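Chains as they are written, first to last, in my numbering: chain A, -7 to 329; chain B, -7 to 329; chain C, -7 to 329; chain D, -7 to 329.
Calculated from the structure, these hints are not laboratory results.
Keep in mind it's a predicted model, so treat the numbers as computed, not measured.
Don't take every hint at face value.
Repeated chains share a single entry, so a pair holds when one copy, or any two copies, can fit it.
[What the hints assert, rightly or not] Straight-line C-alpha distance at most 20 Å; calculated EDC-like pairs for lysine to aspartate or glutamate:
hint	residue 1	residue 2
1	180	36
2	11	105
3	100	50
4	14	121
5	152	270
6	22	153
7	198	270
8	198	110
9	198	292
10	180	270
11	176	105
12	14	78
13	152	255
14	93	30
15	22	248
16	22	292
17	22	43
18	14	292
19	176	36
Protein chains: 4
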Amino acid sequence: MINVGLFGATGYTGFETLKILKNHPHVRLKFATSESSEGQLYSEVYPVPWDISLVSSERADLAGVDAVFCCLPHAASIPTVRRAREAGLRIIDLSADFRLKNVAAYEKWYGIEHTAPDLMAEAVYGLCEVNRPAIRETDLLAVPGCYPTSILLALYPLLKENLLNPTMPLIADSKSGVSGAGRKLSLKSHFVEANENLSPYNIGQKHRHTAEIRETLETWGGGDLSFIFSPHLVPVSRGMLSTIYASLAQDMTAGDAQAYFAETYESEPLVRVLPPGELATFAHTQRNNSCALSVTWVNERQLIICASIDNLGKGAAGQAVQNFNIMFGVEETTALV
Amino acid sequence: MINVGLFGATGYTGFETLKILKNHPHVRLKFATSESSEGQLYSEVYPVPWDISLVSSERADLAGVDAVFCCLPHAASIPTVRRAREAGLRIIDLSADFRLKNVAAYEKWYGIEHTAPDLMAEAVYGLCEVNRPAIRETDLLAVPGCYPTSILLALYPLLKENLLNPTMPLIADSKSGVSGAGRKLSLKSHFVEANENLSPYNIGQKHRHTAEIRETLETWGGGDLSFIFSPHLVPVSRGMLSTIYASLAQDMTAGDAQAYFAETYESEPLVRVLPPGELATFAHTQRNNSCALSVTWVNERQLIICASIDNLGKGAAGQAVQNFNIMFGVEETTALV
Amino acid sequence: MINVGLFGATGYTGFETLKILKNHPHVRLKFATSESSEGQLYSEVYPVPWDISLVSSERADLAGVDAVFCCLPHAASIPTVRRAREAGLRIIDLSADFRLKNVAAYEKWYGIEHTAPDLMAEAVYGLCEVNRPAIRETDLLAVPGCYPTSILLALYPLLKENLLNPTMPLIADSKSGVSGAGRKLSLKSHFVEANENLSPYNIGQKHRHTAEIRETLETWGGGDLSFIFSPHLVPVSRGMLSTIYASLAQDMTAGDAQAYFAETYESEPLVRVLPPGELATFAHTQRNNSCALSVTWVNERQLIICASIDNLGKGAAGQAVQNFNIMFGVEETTALV
Amino acid sequence: MINVGLFGATGYTGFETLKILKNHPHVRLKFATSESSEGQLYSEVYPVPWDISLVSSERADLAGVDAVFCCLPHAASIPTVRRAREAGLRIIDLSADFRLKNVAAYEKWYGIEHTAPDLMAEAVYGLCEVNRPAIRETDLLAVPGCYPTSILLALYPLLKENLLNPTMPLIADSKSGVSGAGRKLSLKSHFVEANENLSPYNIGQKHRHTAEIRETLETWGGGDLSFIFSPHLVPVSRGMLSTIYASLAQDMTAGDAQAYFAETYESEPLVRVLPPGELATFAHTQRNNSCALSVTWVNERQLIICASIDNLGKGAAGQAVQNFNIMFGVEETTALV
């Protein structure tokens, strides 16, 4: 059994992570923290029958703990990760604080000083299907953001063979359910404002996930790509679809494109390339921990990749536990399928 | 032209009232207030192209104004109504502050002292179809709450002829869209919490509208009725349905029940008794200013009345303007159909 | 391992049953039938990666099968159950065809002749928490309807001690998600008609489930109760809440009422009586297989019981598998929690 | 008064057209047709109190009629338009049958022979803001499709000055509410399938509106553009947003781009260019008859235009009546604002 602690248990990603961990046969939960609901039972915070006592972060006892999941907001995660690191624990962090290597980029996009650049340098970016060897070895794992997960899994097959045309714009038009904005109250997430509405937001290179995506594209040799990212909020609780317009550097047939994606992911248990003619939708991945990809051939130089994930599943808690499973040498899909 | 001011223009009832007033051929808007958005244009607060400047309440100039609509929260309404009354204006108040005559009941249910009991005594309860003569004469009109409107319009035909059995419970199981809870942020109105959910709340005589309904029932001679009111929140932006279970004091055929309701409201332009077999739904009244009633005969001593209104239409702004039209001798449905 | 066949695999109850059975550690699926999708893979019918081949009912091979689940529409179930019964299999039937004992009532409410009254007589009504001993022994199990499950679990504590006042109406005001109406196309289930709407339907003793509820109430000694059932359709995919107004035959305190319900179900793994002050909502049981009950005291003679189930979980597939587990002596909550 | 007939009154576009015409001060409705609901009152088909009798198409009396609106499905529209044309009436046709000039393209995309190529040649494409002079003179008006309206209004300012770079893909990623698929039953529009889902469909040059958009682009000198159109279905009753990625042929500042769009439409009453920083959403145009455009500058060669319309408003019925108003010399926004 692996002894696990959970920081930030009452946000949506914390809730999903806890739900998965409760069913994980190799996990023993040692604590779950919440600042706003300290001293309450979990069943007082969500309509679930879980009699888990919530403690404040500072009262969380790290003794005997093997690993912690951090589901805290960005910035708030840094001191907690520092503390856990100093206690020698392995960490799975779901915030944005350790995803980037470029400290200046972090500070520009998040508008704050990063107080742990040493840990930033140490962290491994947990895109499981691509970084598995490094994930296995790391003690500090940064779980990718939801938008980046959907977009990077769609682009990886094209990048790894250098198939994209850098003189053409590479466009990701993404649609997300409202839980992606968290449980914090905001007018944007107010039922009457979000319901029956659909809104683009932070388009034109203004969304923070742009930095995260760009940095990974650079790592993969796509530093010269003209990447455009346009998120939209849709009136659905959970779900994410990125519709990606990719211009190719060389001619490709529809069959080759399909086969190429299928081969890239053929042994992956949590990425599914749909058969020709079937398009990825929210429904393909809602409330599960996988990614569904569809490949639509427009012409010999143009593909549309649709990538579907659940923003709280493969886009957050599911991917976090997948990373945890890899780190601890447990069967990768344990508690996830 | 009637010169009109609007206090509390940026909540949902203020927004709806403004929308109706803008199309009212006899109204000239003199000011619209907002404390939170003072100094902004209306188009910065809602996605509408209205270039109305919002002023704070205290900067609203009452000179030359004939009437004001108050769309303020309860308690906040009292000083504003006092001020407008002292300026000699006619007032249509949409808050709960002037609906009751019983000061003690107000203070018990709302948990605050009422500082204007003289105005409470003076105010007329604006259930248009029942109180038209008094509405015509008043300078201080209290617009009924949304739940009370739906329930009282359903019960009035039975009460006025003393047809209810007081030894049996009289039950109103009501369902409301989320805009009834206002634009104020709350976890209950957070998209992810409300969406795909349905929740009873304040059932078992705990909802404040119980007092308002009971007081009117007493006025109508139903003081001995055992009234039970159960509100439910449904994941819809706008709409309200009250399913009312009425035990009769004497036998009644289905045909008589139907005919009796139809006759009661036959000359009413904004109450529609549906033909036999058609049940009232949210769709019957959504985004209009009417009430739809259906009469279902269970047995000779038991009826189910379904009453549908839009909580922001006949349940708030629509009924407010209907009252205004009556008060100013304008055709009653002006700007409402 | 228990060899299981599934008739009617592609409706919503079939889909949910299959989803549970796939995770059941003691079940080996032998066949899944569909008339409309015969010859297709399951992944062509729903956006799931299940490569189960669908066969027509008549091609389903019963050899070596221990039990079958029938998720067919009413009437269609009769010949299939007959066939499975003749093959000596144990049957869990989710249709309405074997729930009633009264053949005349069936024929009146369903408008067709019942061609297997012998099997009707033999069938056990699978309300697990009440009928467990008989369920254990039966070879033909009729899974209760969704509305009856929610209402009967709420009323059982009151009926078993004869606490209801038969001179007062007993009212169940129920709200259901749209999946309760099945995957068959209808204007009522068309997105644009159902969305943002809420509709009562078949109220006033017109819904077929009335017969099923009444028959069980009679079994429990409540034959003289004046039961009124009012279903409403709400714009939610899954979920059901019955708000039940019960008049008591004797005085009861709030504490006693709460304690009494809690005791009745205290050892039940799939029925949860919520703590005082917490009301049952859709969210309590959505996508799980339990029932949540809340007890609201109105006065010493009047209670409101709110009963929440997922119409496809405890209201259909979950309860079907719970019955299956009891029948086969497997831990009752296997694959259900 | 203009005497008007309505063919196809009971689909969603027919319903919306009727709703507008009932409030049109210069229109007298002579007939409304429905094949499926012939002989019924309109109030039996929708929950509205309109006592309009529905007649079959063939019983519609054209005598004394000045104009007809055809809200029939494609193909079905052709013989009705022929008949009305022969009776000398002015026609506003909302189907796809007369939007194209290229008969071969029509026959390829719609899979049927067009039996009235003479009328195709005669028809005027009713994009009001661009084709007003021709609209004024025509007797046969083809109302643009919803997707084309949103996309063409967004592109017109760029095309008319030849500002697009033809070597780059021009991409429209569009999102539509479910009413765009009509009232006809389909699994795609079934509540449980569409709700909480989001689906791309007919992407990669497979949607019929591609032909309509391309033909207009050609007319505007954009025949060499590499246009890609990707529609998505979103779980909302009404609304449409097209997110358009446009590569420029020359450098442009953000200010110039904004000013250029604002100037193009500055005198248009039903197209609104939003101020800098405000993005077009469904909410901007839901249940009204206008188009809202926002201009987002990505870099000096790349813009994102978001175009919002209500698919039943400016995307169908609203634009139909706008055309009618122009044709009959009535104030263009009559009954539309």
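Intra- versus inter-subunit Cα pairing at 20 Å for residue 11 with residue 105: So residue 11 and residue 105 fail the 20 Å test inside a copy (33 Å) and across (46 Å) alike.
Up to 20 Å CA-CA - residue 36 versus residue 176, copy category: Cα proximity of residue 176 and residue 36: one copy only (17 Å, versus 23 Å across).
Alpha-carbon proximity between residue 22 and residue 248, which holds within one copy, between copies, both or neither at 20 Å: neither (50 Å within a copy, 37 Å between copies)
Homomeric proximity label, residue 22 with residue 292: Cα distance no greater than 20 Å: The answer is neither: 55 Å in one copy and 44 Å across copies each exceed 20 Å.
Intra- versus inter-subunit Cα pairing at 20 Å for residue 180 with residue 36: Only across copies: residue 180 and residue 36 sit 14 Å apart there, 25 Å inside one copy, limit 20 Å.
Alpha-carbon proximity context of residue 14 and residue 78, limit 20 Å: neither (26 Å within a copy, 44 Å between copies)
Intra/inter-copy verdict for residue 14 and residue 292 if alpha-carbon distance must be at most 20 Å: Close neither inside one copy (48 Å) nor across copies (41 Å); limit 20 Å.
Status of residue 110 relative to residue 198 across identical chains (alpha carbons, at most 20 Å): Answer is neither; intra-copy 27 Å and inter-copy 51 Å both fail.
Homo-oligomer pair classification [residue 292, residue 198; C-alpha up to 20 Å]: Result: close only across copies, 16 Å inter versus 31 Å intra.
Within, between, both or neither, where residue 176 and residue 105 count as close if Cα-Cα is 20 Å or less: neither (23 Å within a copy, 33 Å between copies)
Within, between, both or neither: residue 100, residue 50 at alpha-carbon 20 Å: neither (29 Å within a copy, 42 Å between copies)
20 Å Cα threshold - placement of residue 270 relative to residue 180: For residue 180 and residue 270, only the inter-copy Cα distance (14 Å) is at most 20 Å; the intra-copy one is 32 Å.
Violated hints, in rising order: 2, 3, 4, 5, 6, 8, 11, 12, 14, 15, 16, 18; the structure is consistent with all others.
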